[in-house]
Amino acid sequence: MHELSIAESIIELLEEHAVTHKFKKVTKIILEIGVLAGIEKSALFFCFDAAAQNSLAEGAELLIEDKLAKGVCRHCHLQVTVTDWYQPCPYCGQLLINITDGEQMNIKSLEVEN
0 MHELSIAESI IELLEEHAVT HKFKKVTKII LEIGVLAGIE KSALFFCFDA AAQNSLAEGA
60 ELLIEDKLAK GVCRHCHLQV TVTDWYQPCP YCGQLLINIT DGEQMNIKSL EVEN
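Numbering-wise (numbering that gives the first Met the number 0), the sequence shown opens with residue 0 and increments by one.
Hints in this document: simulated from the structure, not taken from any laboratory.
On a predicted model such as this, the values are computed, not experimentally measured, just so you know.
Backbone N, C-alpha and C define an ideal beta-carbon position, used for all residues, glycine too.
Mixed in with the good hints there might be a few duds.
[Unchecked claim] Label-pair ranges, simulated between beta-carbon atoms:
#1 E64 with V18: 49 to 57 Å
#2 Y85 with E112: 39 to 47 Å
#3 H20 with R73: 37 to 45 Å
#4 E7 with Y90: 39 to 47 Å
#5 E31 with S4: 41 to 49 Å
Please construct the entire structure, taking both the sequences and the accompanying hints into account.
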């Protein structure tokens, strides 16, 4: 379950930013996760609650927004929205799509207290 290591990394990142930006508590976190990131949202919610215990994010509200994946077809060179790894190009039908976006996770915003 790699969601636990992801949750722990989020907490570490928050602690680093707390020192830099001088806040003591995180009350809300909005993550943006690409639909091809391979992250199980329900597992991440569970793991985040566990990882946040006794940290500055304990009790914080975690929200997750899906980010659409995009790619460029290597055959017809058109940009397409991608919903899974093995999707054919909707324009030419080829399975030659280079993924350009939608595999990552970002912290989109934080609400904090001093």
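Against the structure, the hints come out as follows:
For E64 and V18, the hinted distance range of 49 to 57 Å is not satisfied, since their beta carbons lie about 27 Å from each other. Separated by about 45 Å at the C-beta atoms, Y85 and E112 satisfy the suggested range of 39 to 47 Å. The hinted range of 37 to 45 Å is satisfied by H20 and R73, whose Cβ atoms lie roughly 42 Å apart. In this structure the supplied range 39 to 47 Å holds for E7 paired with Y90, their Cβ-Cβ distance being about 42 Å.
Taken as a hint, the range 41 to 49 Å is violated for the pair E31 and S4, whose Cβ atoms sit roughly 19 Å apart.
When held up to the earlier numbered hints, the structure conflicts with 1, 5 and fits the remainder.
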